[in-house]
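J.: These are the residues of each chain, in order.
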Amino acid sequence: MAVDITLLFKASVKTVKTRNKAIGVGFDTSKDEILKKSRPKTDFSNRAKDVITNITRLKDFLLKHRKDYINAGGLISSEYSRMTDSERDQIDQDAQILIRTCSDAINHLRTEASKNALSAQTKEHQGAVLDLTEMYLKSVCKLYSEQRAIRVKRVVDKKRLSRLEPEKRNKLVDSTSPKTPVISSTEQVDEKAIQDESTDKSSTEIQDNNVALWENGKVEDELSPEEIQMFEQENQRLVSEMNSLVDEVRQIEGKVVEISRLQEIFSEKVLQQETDIDNIHQLVVGATENVKEGNEDIREVKILL
Amino acid sequence: TESRMRHMTCIVRERQLRHYGHVAPLPDGDVLIYDRFGQDIISPLLAVKELRDMGITLHLLLHSDRDAIPDVPAIYFVMPTEENIDRICQDLRSQLYESYYLNFISAISRSKLEDIASAALGANAVTQITKVFDQYLNFITLEDDMFVLCNQNKELISYHAINKPDITDTDMETIMDTIVDSLFCFLVTLGAVPILRCPRGNAAEMVAVKLDKKLRENLRDARNSLFTSDTMGTGQFSFQRPVLVLLDRNLDLATPLHHTWTYQALVHDVLDFHLNRVTMEESTGPENSPAGARPKKKNKKNYDLTAADRFWQKHKGSPFPEVAESVQQELDTYRAQEDEVKRLKSIMGLEGEDEGAISMLSDNTAKLTSAVSSLPELLEKKRLIDLHTNVATAVLEHIKVNERSNHNGGVLNSGTPEDKMRLFLIYYITSQQPPSEVDMEQYRKALADAGCNLSPLNYIRQWKAFAKMAAAPANYGGSGAKAMGLFSRVMNTGSQFVMEGVKNLVLKQHNLPVTRILDNLMEMKSNPVSYFSNFVLDNSFYPAIIFVVGGGNYIEYQNLVDYVKGKPGKHVLYGCSELFNASQFLKQVIMHKCH
Numbered sequence: 001m002a003v004d005i006t007l008l009f010k011a012s013v014k015t016v017k018t019r020n021k022a023i024g025v026g027f028d029t030s031k032d033e034i035l036k037k038s039r040p041k042t043d044f045s046n047r048a049k050d051v052i053t054n055i056t057r058l059k060d061f062l063l064k065h066r067k068d069y070i071n072a073g074g075l076i077s078s079e080y081s082r083m084t085d086s087e088r089d090q091i092d093q094d095a096q097i098l099i100r101t102c103s104d105a106i107n108h109l110r111t112e113a114s115k116n117a118l119s120a121q122t123k124e125h126q127g128a129v130l131d132l133t134e135m136y137l138k139s140v141c142k143l144y145s146e147q148r149a150i151r152v153k154r155v156v157d158k159k160r161l162s163r164l165e166p167e168k169r170n171k172l173v174d175s176t177s178p179k180t181p182v183i184s185s186t187e188q189v190d191e192k193a194i195q196d197e198s199t200d201k202s203s204t205e206i207q208d209n210n211v212a213l214w215e216n217g218k219v220e221d222e223l224s225p226e227e228i229q230m231f232e233q234e235n236q237r238l239v240s241e242m243n244s245l246v247d248e249v250r251q252i253e254g255k256v257v258e259i260s261r262l263q264e265i266f267s268e269k270v271l272q273q274e275t276d277i278d279n280i281h282q283l284v285v286g287a288t289e290n291v292k293e294g295n296e297d298i299r300e301v302k303i304l305l
Numbered sequence: 001t002e003s004r005m006r007h008m009t010c011i012v013r014e015r016q017l018r019h020y021g022h023v024a025p026l027p028d029g030d031v032l033i034y035d036r037f038g039q040d041i042i043s044p045l046l047a048v049k050e051l052r053d054m055g056i057t058l059h060l061l062l063h064s065d066r067d068a069i070p071d072v073p074a075i076y077f078v079m080p081t082e083e084n085i086d087r088i089c090q091d092l093r094s095q096l097y098e099s100y101y102l103n104f105i106s107a108i109s110r111s112k113l114e115d116i117a118s119a120a121l122g123a124n125a126v127t128q129i130t131k132v133f134d135q136y137l138n139f140i141t142l143e144d145d146m147f148v149l150c151n152q153n154k155e156l157i158s159y160h161a162i163n164k165p166d167i168t169d170t171d172m173e174t175i176m177d178t179i180v181d182s183l184f185c186f187l188v189t190l191g192a193v194p195i196l197r198c199p200r201g202n203a204a205e206m207v208a209v210k211l212d213k214k215l216r217e218n219l220r221d222a223r224n225s226l227f228t229s230d231t232m233g234t235g236q237f238s239f240q241r242p243v244l245v246l247l248d249r250n251l252d253l254a255t256p257l258h259h260t261w262t263y264q265a266l267v268h269d270v271l272d273f274h275l276n277r278v279t280m281e282e283s284t285g286p287e288n289s290p291a292g293a294r295p296k297k298k299n300k301k302n303y304d305l306t307a308a309d310r311f312w313q314k315h316k317g318s319p320f321p322e323v324a325e326s327v328q329q330e331l332d333t334y335r336a337q338e339d340e341v342k343r344l345k346s347i348m349g350l351e352g353e354d355e356g357a358i359s360m361l362s363d364n365t366a367k368l369t370s371a372v373s374s375l376p377e378l379l380e381k382k383r384l385i386d387l388h389t390n391v392a393t394a395v396l397e398h399i400k401v402n403e404r405s406n407h408n409g410g411v412l413n414s415g416t417p418e419d420k421m422r423l424f425l426i427y428y429i430t431s432q433q434p435p436s437e438v439d440m441e442q443y444r445k446a447l448a449d450a451g452c453n454l455s456p457l458n459y460i461r462q463w464k465a466f467a468k469m470a471a472a473p474a475n476y477g478g479s480g481a482k483a484m485g486l487f488s489r490v491m492n493t494g495s496q497f498v499m500e501g502v503k504n505l506v507l508k509q510h511n512l513p514v515t516r517i518l519d520n521l522m523e524m525k526s527n528p529v530s531y532f533s534n535f536v537l538d539n540s541f542y543p544a545i546i547f548v549v550g551g552g553n554y555i556e557y558q559n560l561v562d563y564v565k566g567k568p569g570k571h572v573l574y575g576c577s578e579l580f581n582a583s584q585f586l587k588q589v590i591m592h593k594c595h
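If you're matching them up, the sequences are chains A and B in order. full-length UniProt numbering puts the first residue of the first sequence at 1, with every later residue one more than the last. full-length UniProt numbering puts the first residue of the second sequence at 1, with every later residue one more than the last.
Read the hints as simulated data drawn from the structure, not as lab findings. Be aware that one or more of the hints could be misleading.
Computed footprint of chain B on chain A; a stretch qualifies when at least three of its residues, placed anywhere within it, have a C-beta under 8 Å from a C-beta of chain B [to be verified]:
{"#": "1", "region": "109-115"}
{"#": "2", "region": "118-124"}
{"#": "3", "region": "128-137"}
A partial selection of chain B residues facing chain A, derived with a Cβ cut-off under 7 Å [as the list claims (entries may be wrong)]:
{"#": "4", "residue": "Asp67"}
{"#": "5", "residue": "Glu114"}
{"#": "6", "residue": "Val132"}
Since this is a predicted model, take the numbers as computed values, not measurements. We put the CB at the ideal spot given by N, CA and C, even for glycine.
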């Protein structure tokens, strides 16, 4: 294992100091040390450090509010969630602004660094520092997009589940109302409602409508058994139609989410390629120039021969 | 825990690169400065990309022109030699960097430390020297279970240097000290005090005695010992000590000359392979440059064969025909995946045109997502396939060259002069009885006619005579002759059967002498050779470390690995003072004559 000999080194420094004093060789340390303390850091490193501190601040900010932001509890009753949607929107917005600022700052530093006439090693170092900073920013962005994706998913789920609520309420109304005179049919409708209790608000609505119509109908006219049957058949048909529609919609939702993810990936790749394409463009321009000059030289030589 | 050794070196590196105590890895960038020793240690383990990921923005040689980058911390990883210390002092005076983290590969002396202190005082840079470490990393880890002592200046401790007839006592002392220093560093890094075993009466014993002394001296000073329980990490070795078996190359001179058929050993034998890097000339395609144009320079291409290369890790010990098959398999799998992606691409092009296509599309969206996200992995796979195709092709080229004109019987009619010499030497070394004088004359003439340099013959004769005198020669168990017979059969039956012959050859797994010694120790068999030991041996040692003084090679290493595969729970680490392939070994033996 490695042995830390820093203390040993400091001790050596003391030894050398005392030895030098004894010999009479002195280093004028006091004045220089004060000057040394204020070694100017280059502009580049200061600004790079600023960007990094900002990214770290963003990361801490996102992590601090992550739990509240995601908040598994309280899907149905929103009183228990600690963060309102507007607060979440605010977080999203702030994060986006900060990410954009940091990314702009990095690009700015990059163009500046390439313009400055510095040594090759310093240039390489600065380029690498900016690469590292960009990677850091990307990882923090991932944090942000992850929790945002979770939020979107939860909203979608919430919407889907919230459709159940009117159905529940309607069921309660149906089962507790003793007032409808045609009890058997209502009970029949009730049973249907309980059987189809899966997901459909629309089916219950239709059944409600049917009940309402029924109640209206009963005032005016007794519906014949054929009409009852017809209505029942139509009920069934509508229920199954709605079910399949809902399934399709759900599938499409999933696909859309995936497509948006894909688009994200693609746009990233395209942006990456932009620099490559620029390079190729430069090279091609250079090559054309060279070929032109080459042709001219050959022409000259031809004339001479 | 055989990978512990490698982990150790990496973790140590990681720690030093994270400035030991610097809490969160922020991407503010460090500069890494190394000398050639440091470079040799780092390059088999970490690629440039991995350095970047650790936050190293620049890596430079110590003795190069370096510009001042005054706002960056600099990490030094160098040997504490005179020139290096001078250069460090110069850097301090020129105020090149913001802060300095000095890591010395082996321990620095007090006086040199004071030299740096003095320069730091003069340059007012004492506060800038943030940390100083003795790293005890003076060895090179090539694999999880294999290491060599050094690469720079390896001729100082080569087989030739140790065994040349006119060696002086002082030279020998220096060589032994160098070897012991490296072995000591290795043990410090491993975190264990081993039980030492070695046969008597050769260089290995000298190393063992010195190493034992050094270990005792260190342990005696309990406060400053490098092997205290906290440095030993989990204390895994506190009850079970590893056994370090020191062997001398001279106990087995046949193995370095063997031909082999496993991938890694073959690459080392026929290509330019060291420190896990293969250097080859780019194979030039059909000449399509117009007549009269300047001849194209052949480019040298480097391939790094690392732990991240999954194909290499899986097949480096496999027989060569298996490797060729596997490359083909990987290529086929890759092509299938590529076609899948292409197919999805064309389906995407149908979007909006066809009702039926849209439903197909929605099924494939998920597939496309997974295809796209697996693209980087696919590309890496392709790169590795190309790499191994090139390497395997180069190896095959060499093999083909070596087996021309082998129609009329007799092994001596096949291969290059060097191959002929190798085969004959193996036969000579491993035969129980030396051939008669008459036969020898015939052999000499045949070899000379074939263009061989005959000096190795003399050396081997001497060695054989001496070996017979000193101790029972290594028991080859007739494996040499067997291998010889099979090999000549292979060589005599035309090129298209070479591969088939290989399969036959490989089925029999022989234990080479070194492996046999390990087997004896692990199985507690009695063995005729008496051993120096600094501890009463009990059966629960773990792991075994085999170190060959005088040089080793991949054939031996592979043989040990294969042996241990059949013994679950047992682990072996292999080390040697240097690595050479057969032709390099022959060159060293030839050098003996000149002295």
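J.: Can you give the numbers of the hints that this structure goes against, from lowest to highest?
T.: Hint 1 contradicted; others consistent.
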